[in-house]
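These protein sequence lines are chains S and A, in that order.
First residue of the first sequence: 1, per this note's numbering; consecutive thereafter.
First residue of the second sequence: 1001, per this note's numbering; consecutive thereafter.
Read the hints as simulated data drawn from the structure, not as lab findings.
Yeah, the Cβ is synthetic: ideal placement off N, Cα and C, and Gly gets one too.
Treat the hints with caution; some may be incorrect.
Unchecked claim - Cut-off 20 Å, straight-line C-alpha distance, at most; resulting in silico cross-link-like pairs (EDC-like, lysine to aspartate or glutamate):
1) K46/S / D1064/A
2) K1050/A / D1064/A
3) K46/S / D145/S
4) K46/S / D1047/A
5) K1167/A / D1072/A
6) K1153/A / D1283/A
Claimed, not checked - Here are the computed distance ranges between Cβ atoms for each label pair:
7) E132/S / T1336/A: 49 to 55 Å
8) A1071/A / Q198/S: 38 to 44 Å
9) R31/S / E1235/A: 43 to 49 Å
The lines below spell out each chain.
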Amino acid sequence: MRIVVAEARVPFVRDGAELHAQSLVTQLRGRGHDAESVALPFDGRKDELLQQAAAWQMLNLSTSNARSVDVLIATRFPTWFARHPRKVVWLIHQHRAAYDLFGTSYSDFTTSEEDMRLRAQLTALDSKAFAECERIVTNAQNTADRVHRFNGIAARPLYHPPPLADQLHNGPYGDYILLIARLEPLKRVDLAIHAIAQADRSVRLVIVGDGSQRAALECLAAQTNAAERITFRGALWGSAVTELYAGARGVLYAPYDEDYGYVPLEAFLAAKPVITAKDSGGPLEFVRDGVNGFVCAPDSASLASAINRIAAGPSLAEHLGRAGQSVARAITWDGVIEQLLG
Amino acid sequence: MTALRILILEAQVPFVHGGAEILVRELASALTARGHHAQIAAVPFLDYPKDEIFAGAEAWRLLDVTTAGGADVDLVIATKFPTYFARHPRKVLWLVHQHRAAYELAGTRFSDFRHTARDVALRKRLIDADTRMLRECVGHFTIARTVSERMLKYNGIPSEALYNPPKLAAQLHDGPYGDYVLTVTRLEHVKRVDLAIDTFANVTSSTRLLIAGDGSIRHDLAERIAQRGLRDRVELLGRVDDARLIELYAGCRAVLFAPYQEDYGYVTLEAFLSRKPVITARDSGGTLEFVEDGVNGYVCEPTADALADAVNRLAADAALAASLGERGHGVAATITWDNVVDRLVSAA
């Protein structure tokens, strides 16, 4: 089939959604489809949103170069406004500032009459566009809950393997807990630093990632009694990452209300247990307390006691990690593509 | 030098990968290599049915490209129709082409615009809108003289032709003047590969024609080769990778490239950088900016007879091919990215 994957890209910024769309194109091509991504530049300022939806609406993607396009796969706001007789949405997110982030410090929408009207308008436009679609699935349960709550649409999550799926492998259950995240407030890396300071002295914390909070977090780590047991490795890619997964005792991943998050699945594919928090969102779709990891209260003491459980010896870590591995292995691109294309 | 945040505006045709796409990526790398922050912003270009071309233009008008990711964009570089419909106070044009079907191709077999009241009105509306948008640009450059001439004729806007080296410039090299003539092209009507095939029905020596590239009329061309009884002389190689292409250039006797009104076409420069002469036609457009008859190649009537004469001459004399190719190399070597970047950035 000839398939267009529609993306909205913020110029000069790289993010997970772009990776997601690119993986989908690659996987579709690998199965013999003629797939191509189409991306309009996206600008999240609220006074531009309606215009951008209108720009997508201008595009009739039913034909390209005199040949018809069989399916359009939309991913995030405002890609579903493109015109095509057969639209499938694999929802990554709506414009979150007008949806679930409204009322938090992450949104530029206020309670002014104008903003409230714009929010209502965006939600109504999205709902109308969704109604034109042949099928709506989401990237995660959190996303499905959101589209149900705001747009009144029942959608199932359709999980996909993380980008490193093919390269991840198991290795010895070493003396460190691995944490991989962009160093931003929502990822709550500070919680992990406090936790390791309270945990058994035999275990170290290795932090991979970079971001606006790096200096503050390094400073925080230096002030704890565990400074020598905490390492910041910066942003790493490819085999540097898979090797760190392979040699870890376990993986700690406790962000605040993540939608999906590749890290728990990557940890499982390396047969490592995952320690997460009750309010971490996406990870809870896969991590089962005491089965393949630990689901803790979002405080450092709870996380520290989970760390101590797997620090006590490699056999529990391995047992939990193996259970996680079978969960992650059930998520395949074959399954995704079959359900997307129906 | 100040590092600028630059967006290159691209009209993407989904499922089609051609020269303009390479040009845009090369420009992005050239800007990045000189310390700028350059990114590509694309909107798909859809021209069917004909009325949709305004919708695409409208989409560009609706998007705000003055900021991105919370910071100002210092400069945008528009390339093809309808990217120059974007709004930006520092919009520089490096025109690849307008919507050619509504310009010089209208009324030819290469266009879906006919001489009907509706189509004539649509063309006029499109050209008028183009003129307004093109005037907004603070600098006017094109990729070739043919394009500049067209913009002057239809939109009344003068511009400077700004040439760029082909993508493979650094890797191309010379080699033996072998027993085949090379054509490198997408297999589309406007490239006139049929003419190249017919030429070989009139070629007297055992010289072969190798055609690298793929396209929508490949099947028709294969049939034509069979019908002319040229299966042992003319070969469709399909799409070849860069390494193979470089070797094909290095080993050929000459390059035959006679499309109809090509704007620029890297093939001429690639041939010259491989020290090979170029055989082209006097209505081939962009090739004529570099090919001089009898100096670095041949400029022929667009007929199989005339092109065959040129092939026969080079087939008979490898030393002649080498001396013409050497002079072509001198022409191609003067075209650099440094010049392109300097001119585009200093225009705004």
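Within 20 Å, alpha carbon to alpha carbon, are K1167/A and D1072/A? Cα-Cα ~30 Å, so violated.
Between E132/S and T1336/A, does the C-beta distance stay in 49 to 55 Å? holds, 50 Å
Is the distance from the Cβ of A1071/A to the Cβ of Q198/S consistent with 38 to 44 Å? holds, 41 Å
Does the structure keep K1153/A and D1283/A at a Cα separation of 20 Å or less? Status holds; Cα separation ~17 Å.
E1235/A and R31/S - C-beta distance against the hinted 43 to 49 Å: violated, 32 Å
Decide if the proposed pair is consistent with the structure: K46/S and D145/S, CA atoms, cutoff 20 Å inclusive. violated, 24 Å
Would the pair K46/S and D1047/A pass a check requiring their Cα atoms to be no farther apart than 20 Å? violated, 31 Å
Going straight from one Cα to the other, do K46/S and D1064/A come out at no more than 20 Å? Since the Cα atoms of K46/S and D1064/A sit roughly 12 Å apart, the hinted pair holds (cutoff 20 Å).
Quick one, are K1050/A and D1064/A close enough, alpha carbons at most 20 Å? The given pair, whose Cα atoms are some 25 Å apart, is violated under the 20 Å limit.
Hints 2, 3, 4, 5 and 9 from the earlier list are contradicted by this structure; the remaining hints agree with it.
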